[in-house]
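Position chain V against the provided structure of chain W, taking the given hints into account.
2 protein chains.
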Amino acid sequence: MRRLKIAVTLGVVVAATISGSAQAPRGKDLQKPLVLASQGSFFVGGETKALPPGRGGAPGGDSTVNQMYVQYQIPPGGDRHLPVVMVHGCCLSSKTWETTPDGRMGWDEYFVRRDRPVYLADQVSRARSGFDASTMNAVKAGTTPPSELPAIIWANHQIAWTVFRFGPAYGTAFPDGQFPIEAVGELYKQMIPDLNAQLRSPNPTWTNMAALAVRLEGAILMGHSESGVFPQQAALIDPSAIRGMISIEQPCPVLTDAQIATLAKIPTLVMFGDHLGDVKGGPANWADSLATCEKYVERVKAAGGDAEMMHLPKMGIRGNSHMLMQDRNSLDLADLIVTWIDRHVEARRQTRR
Amino acid sequence: MRRLKIAVTLGVVVAATISGSAQAPRGKDLQKPLVLASQGSFFVGGETKALPPGRGGAPGGDSTVNQMYVQYQIPPGGDRHLPVVMVHGCCLSSKTWETTPDGRMGWDEYFVRRDRPVYLADQVSRARSGFDASTMNAVKAGTTPPSELPAIIWANHQIAWTVFRFGPAYGTAFPDGQFPIEAVGELYKQMIPDLNAQLRSPNPTWTNMAALAVRLEGAILMGHSESGVFPQQAALIDPSAIRGMISIEQPCPVLTDAQIATLAKIPTLVMFGDHLGDVKGGPANWADSLATCEKYVERVKAAGGDAEMMHLPKMGIRGNSHMLMQDRNSLDLADLIVTWIDRHVEARRQTRR
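These protein sequence lines map, in sequence, to chains W and V.
Following this note's numbering, the numbering of the first sequence begins with 1 at its first residue and continues without gaps.
Following this note's numbering, the numbering of the second sequence begins with 1 at its first residue and continues without gaps.
Okay, chain W solo, but in the shape it has when bound (with noise of 0.2 angstroms):
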């Protein structure tokens, strides 16, 4: 409990000495009223599919494909700063972004009471942006074989508790540990079918991404472990109007030295959490991937790039699950993301006008 507490203790002094106490609103201030200039949903990108007729379900004709739907938020005098899109992970939705497991206010209304215009994006093939059911629909009418049913990936609990770190075994809690695990069931919830697998290369999600950058006219880019890399992706398809970006928890994957060169240009900030090599076992080696992003990172940086690596027990915030987002203290977090906003992005934007 002492190691706990020293490491509470330290993340909020941290926070709080970055970000300055009068920009970080908590307690009362968080239950102020929200104002909003405007907010809204829309989707980008999307486009038509022709269907033969057949049974189960598919009636021949067409069909939209590969939308993705975003739901955004802006602050008054929300253009004093770049949009911030958030991309959520596998097996999850936009949900991941909202009121967490146990109650508190997400990163999506925290960023806008620290003025940013926020937009939530639903991959492609998930939740909201819907999917391709055509090969299912085939399959069932016998017209295609099973085997070419998408591999759906539906993190079950002991998955989630392994992989997202909240303890070293399924039921076994990390002392420390920064996720709510009272509320665990509530994020069993939020874990829903996984399609990507049926998606074309290269991903739309990553396009539309790239799209939604420049009809925002500059935007940031933030993605989480399945999208941790998807700033990265939809810079190296058009990096034209991507302001930043921001890698939470996830394997960084080898470039080649012109990838490197384009990504180099776009202030990048990567963020991994606690106990990265204490779950043995299962589908995720979160060690490997902090190693494989602190390469990429340096490579950046070699390139000329701005970017930094924040490994927080390495800062002293100690706990902290792959599920940050959704910790006891993920508002420190986002402090600390939105000071890392204003000092390498926002900063250099005021410089350029």
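Do not rely on the hints blindly, as some may be mistaken.
Since the list can't tell identical chains apart, any single copy or any two copies may satisfy a pair.
Claimed, not checked - Taking lysine to any residue pairs in the SDA-like style, the calculated list, with each CA pair at most 25 angstroms apart, reads:
| hint | residue 1 | residue 2 |
| --- | --- | --- |
| 1 | Lys32 | Ile260 |
| 2 | Lys32 | Arg80 |
| 3 | Lys301 | Thr256 |
| 4 | Lys32 | Asp79 |
| 5 | Lys49 | Asn196 |
No lab work stands behind these hints: they were computed from the structure.
Frame of chain W, contents of chain V only:
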């Protein structure tokens, strides 16, 4: 054009007369900042399903199924009015109620600006509520025959045009149609696979809607099309906290006298648009649907209940499609509903206090 103008004018006059212009914001008033007492999201229902180890993305373990995702916004002083729960129809998500295809304010925000707490629910097995992927994974793994796959309804452009009554045949619009047909491509992007066929009976969305009303200590339930009778289905499971039922464009089922007696205790509004018999062929017969609901309303009245049928063309409001919450006169229709709520539900509540 003259007929259209008269219809629009009449619609505005009816809405303005009933609602009073002070309460019905239009034009610049709708661009004023939106003030919220609070917002967020949560799940209702959900249960654990144990799955055996298998292949195809289905590791053994526990998954959560039948949960319903709910997103809410509460205006300042929102406890003066009953919450309105909006549930979308077939092949759609809660996007139904948000920003219209042509970019106008959706009912979600408009009802908040009319001082109502608003709750948007994604139906169980749809959008952010996720779905049970175990059968698909078992079919892919070869342990279940393809015939066991759900009959997924994925409405294509041709189906939507006629079933949603944008015109008499695909590509031809009604001259007086209220749907913003120039933006129909944006509506197509909202249409996502509907897996309700694999839900158990009673549909968990009904149970969850009744439970949500209880959680809110009283709520008005609104359904549309596929979900048009979900308020009634929820009330037949647990009527205790359902204070009003709003059913938009659906076939009404034949109910027993005992069921009618239960439903007659809750004020009921049914709304239908125009051109019900003007589309030939196709899976929907809206003129028949209206007839079944007229019978339903009469039976409720005969049982001493408070039920009202708003068949819009009979009120001088012409050209409305099936997606009337997205039609050009959508806010006028919202005002009709708000006024009905005040007179038939809130007034009753005040009296009881």
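Going down the list of hints, with the structure as the test:
1. In the homo-oligomer, the alpha carbons of Lys32 and Ile260 never lie at most 25 angstroms apart, since the shortest distance is 44 angstroms inside one protomer and 45 angstroms across protomers.
2. Taking CA atoms no more than 25 angstroms apart as the test, Lys32 paired with Arg80 passes in both settings, with 22 angstroms inside one copy and 18 angstroms between copies.
3. Taking the closest pair of Cα atoms, Lys301 and Thr256 come within 25 angstroms of each other only inside a single copy of the chain (14 angstroms); across copies the shortest separation is 73 angstroms, beyond that limit.
4. In this assembly of identical chains, Lys32 and Asp79 lie within 25 angstroms of each other by CA distance both inside one copy and across copies; the values are 22 angstroms within and 16 angstroms between.
5. Taking the shortest Cα distances, Lys49 and Asn196 sit within 25 angstroms of each other both inside one copy (18 angstroms) and across copies (23 angstroms).
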